[in-house]
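Enquirer: Below are the chains, spelled out letter by letter.
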Amino acid sequence: MNNITPYSSPHYFIYLMLLLLPIMIGLWFGKRFRVYDFIATVIILIITFFGGNMSQGISLIFYVLYEMLLVFTYLSYRKKHNNFWIFTSYVVLAIIPLVFVKLDPLLKNQTISLFAFLGISYLTFKAVEIIMEIRDGVIKDIKPYEFVRFLLFFPTISSGPIDRFRRFQKDVMNVPSRDEYVELLHSGVNKLMQGLLYKFIIGYFFGTLLLPKIQILTLSYKGQTPLGLSWALVAYMYVYSMYLFFDFAGYSLFAVAISNFMGVKTPMNFRAPFKSHNIKDFWNRWHITLSFWFRDFIYMRLMFTVIKHKWLKNRVTIANVGYITLFLIMGFWHGETWYYIVYGIFHACAMITNDAWLRYKKKHRKQIPSNKFTEAFAIFLTFNVVCFSFMIFSGILNKLWFV
Amino acid sequence: MDDIKEKIVGILQDVTGLDNVGQDADQDLFKDGVLDSMATVEVLVTLQDDFGIQVPVSEFDRSQWSTVNKIAQRVQELE
Numbered sequence: 001m002n003n004i005t006p007y008s009s010p011h012y013f014i015y016l017m018l019l020l021l022p023i024m025i026g027l028w029f030g031k032r033f034r035v036y037d038f039i040a041t042v043i044i045l046i047i048t049f050f051g052g053n054m055s056q057g058i059s060l061i062f063y064v065l066y067e068m069l070l071v072f073t074y075l076s077y078r079k080k081h082n083n084f085w086i087f088t089s090y091v092v093l094a095i096i097p098l099v100f101v102k103l104d105p106l107l108k109n110q111t112i113s114l115f116a117f118l119g120i121s122y123l124t125f126k127a128v129e130i131i132m133e134i135r136d137g138v139i140k141d142i143k144p145y146e147f148v149r150f151l152l153f154f155p156t157i158s159s160g161p162i163d164r165f166r167r168f169q170k171d172v173m174n175v176p177s178r179d180e181y182v183e184l185l186h187s188g189v190n191k192l193m194q195g196l197l198y199k200f201i202i203g204y205f206f207g208t209l210l211l212p213k214i215q216i217l218t219l220s221y222k223g224q225t226p227l228g229l230s231w232a233l234v235a236y237m238y239v240y241s242m243y244l245f246f247d248f249a250g251y252s253l254f255a256v257a258i259s260n261f262m263g264v265k266t267p268m269n270f271r272a273p274f275k276s277h278n279i280k281d282f283w284n285r286w287h288i289t290l291s292f293w294f295r296d297f298i299y300m301r302l303m304f305t306v307i308k309h310k311w312l313k314n315r316v317t318i319a320n321v322g323y324i325t326l327f328l329i330m331g332f333w334h335g336e337t338w339y340y341i342v343y344g345i346f347h348a349c350a351m352i353t354n355d356a357w358l359r360y361k362k363k364h365r366k367q368i369p370s371n372k373f374t375e376a377f378a379i380f381l382t383f384n385v386v387c388f389s390f391m392i393f394s395g396i397l398n399k400l401w402f403v
Numbered sequence: 001m002d003d004i005k006e007k008i009v010g011i012l013q014d015v016t017g018l019d020n021v022g023q024d025a026d027q028d029l030f031k032d033g034v035l036d037s038m039a040t041v042e043v044l045v046t047l048q049d050d051f052g053i054q055v056p057v058s059e060f061d062r063s064q065w066s067t068v069n070k071i072a073q074r075v076q077e078l079e
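Protein sequences appear in the order of chains A and B.
Taking my numbering, the leading residue of the first sequence gets 1, the next gets one more, and so forth.
Taking my numbering, the leading residue of the second sequence gets 1, the next gets one more, and so forth.
Quick caveat, the hints were computed from the structure, so don't treat them as lab data.
Certain hints may be false.
Stated by the list, open to error - Some but not every residue of chain A turned toward chain B, in silico, with C-beta under 7 Å:
id	residue
1	L45
2	I47
3	E133
4	D136
5	V138
6	R295
7	Y299
8	M300
9	R301
10	F304
11	K308
12	A319
What the hints assert, rightly or not - Some chain B residues flagged as far from chain A (calculated, every beta-carbon gap over 12 Å):
id	residue
13	M1
14	D3
15	I4
16	K7
17	G10
18	Q23
19	D24
20	G33
21	E42
22	S66
23	T67
24	N69
Source: prediction; values computed, not measured.
Note that beta-carbon positions come from the ideal geometry of N, C-alpha and C, so glycine has one too.
Whenever a hint applies, use it, and build me the whole structure from the sequences.
Expert: In structure tokens, the structure reads:
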């Protein structure tokens, strides 16, 4: 038997549904079986992390113990003191395992890759959120089992959506009424069906059927044309973008659907991103829980510090420095390759340009037409900018130019 | 309370550069795109300075701070 990646195969869904049944019957009758929830979580984690090679599972256990140690020593420290540098050290310590794992492709070190397990990023986001909110004083108390339950909530363990502790806690402490639960089941089934369509039909069509063929065609121009550019690359750009969206949005829909079955309203990750009117709008619709995490825990905090200490005066400069920092961090988070970093810089530039355009538009409101046509053009332009960025992200240029 | 609201509308107008902000004290400032992240932080810092209150960023739940009326309410509680 091998590790089963969540939501990747019919097996996983069968195990999942069997395990969910008692939870759903319980909620139907207004009960949460806490002990059973725990057992179900353990079983799912075993299927996901201990199926074949156990190293992922062992890493997971050590990782959770390590983050627990950090969170609870910080919590007890924070009750008496509030030093900025202690706080910063804790955040750094919480991120270190992830940094190691991300550096792995660069160092090619066998021992480091032992730390890795599926979903380490997403658990790190949650742990860091908790440390930051403990510092702000909005999380005053958290019990070890609450921390573990939040961190290891299995519907979202491998790739999000990234929930927030206080929001999640509200849901698991509450048992929905019959009407509310019927509503949740209804929305869960809809999302499950939509997820199946997205991931296994449309995503499969673009990703498994089309993409490999177009990739071969694209790479056949290697060394044949200047920089290997071709119309096939343009086709690759759109096909890859479609695959990326439908595959990931489909996965996210599953995670939200299964959460709903368990009486938890995990936030949605996508909101028609290809209908965005500008790039800012796009980041409010694409991988929403990640971009909001970055917004709340990096961008806004950085802005806050810079403005409060008056490090920079000009608000345009402040915002732009913020964008560059934010998207560089996001690039590095995706992985230490040149194309992820360029992807980050590209989006920072797009945000800066977008802000400049919005300022210009504000000043010249009367001269600039605004109608159905300009709206359609805005959507078309944003869509293409986004697809171009995904082409960078896909790493196809690396294959075309360097490998 | 009206004093507070007037001051808040003043802050919002300064930050956004829009003269008609806050005419409707129940207008959703986030939904209507009046406040982006940057403007939000500027409003927060100004509120802290002008009212002498402490608002940590993570306390800043968008649903509780989305209109002039709600901001005034929260400021009064924190003052």
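Enquirer: For every hint, state whether the structure bears it out.
Expert: Results for each hint:
1. At a threshold of 7 Å, the smallest CB-CB gap from A:L45 to chain B is about 29 Å, leaving the interface hint violated.
2. At a threshold of 7 Å, the smallest CB-CB gap from A:I47 to chain B is about 35 Å, leaving the interface hint violated.
3. The criterion of a C-beta within 7 Å of any C-beta in chain B is met by A:E133, whose closest approach is roughly 5 Å, and the hint holds.
4. Taking 7 Å as the C-beta cut-off, the interface hint given for A:D136 holds, the closest approach to chain B being about 4 Å.
5. Interface restraint check: A:V138 against chain B, minimum CB-CB distance 5 Å, threshold 7 Å, status holds.
6. For A:R295, the shortest C-beta to C-beta distance to chain B is roughly 6 Å, which falls under 7 Å, so the interface hint holds.
7. Against a cut-off of 7 Å between C-beta atoms, the interface hint on A:Y299 holds, since the closest Cβ of chain B lies about 6 Å away.
8. Proximity of A:M300 to chain B holds as hinted, the smallest CB-CB distance being about 5 Å (cut-off 7 Å).
9. Of the supplied interface hints, the one on A:R301 holds, with its beta-carbon coming within about 6 Å of a beta-carbon of chain B, less than 7 Å.
10. The interface hint given for A:F304 holds, since its Cβ lies 5 Å from the closest Cβ of chain B, which is under the 7 Å cut-off.
11. Hint on A:K308 holds. Least Cβ distance to chain B is approximately 6 Å, under the 7 Å limit.
12. Contact between A:A319 and chain B, as hinted, is supported at the beta carbon level, the nearest pair being about 5 Å apart and thus within 7 Å.
13. For B:M1, the non-interface assignment is confirmed: its Cβ lies about 26 Å from the closest Cβ of chain A, beyond the 12 Å cut-off.
14. Listed as a non-interface residue, B:D3 keeps its Cβ farther than 12 Å from every Cβ of chain A; the least gap is roughly 25 Å.
15. No beta-carbon of chain A is positioned within 12 Å of the beta-carbon of B:I4; the least distance is around 22 Å.
16. For B:K7, the requirement that its beta carbon stay farther than 12 Å from each beta carbon of chain A is met, with the minimum near 19 Å.
17. Non-interface call for B:G10 relative to chain A: holds, since the shortest CB-CB distance, roughly 17 Å, exceeds 12 Å.
18. Every Cβ of chain A is farther than 12 Å from the Cβ of B:Q23; the closest lies at roughly 18 Å, confirming the non-interface assignment.
19. With a least beta-carbon separation of about 20 Å from chain A, B:D24 lies farther than 12 Å from that chain, consistent with its non-interface assignment.
20. For B:G33, the shortest C-beta to C-beta distance to chain A comes to about 9 Å, within the 12 Å cut-off, and the non-interface label is violated.
21. For B:E42, the non-interface assignment is contradicted: its Cβ lies about 6 Å from the closest Cβ of chain A, within the 12 Å cut-off.
22. For B:S66, the requirement that its beta carbon stay farther than 12 Å from each beta carbon of chain A is met, with the minimum near 15 Å.
23. The claim that B:T67 lies off the interface holds: its Cβ sits roughly 19 Å from the closest Cβ of chain A, which is beyond the 12 Å cut-off.
24. The Cβ of B:N69 sits about 23 Å from the closest Cβ of chain A, beyond the 12 Å cut-off, so the non-interface label holds.
Checked against the numbered hints above, the structure breaks hints 1, 2, 20, 21 and satisfies the rest.
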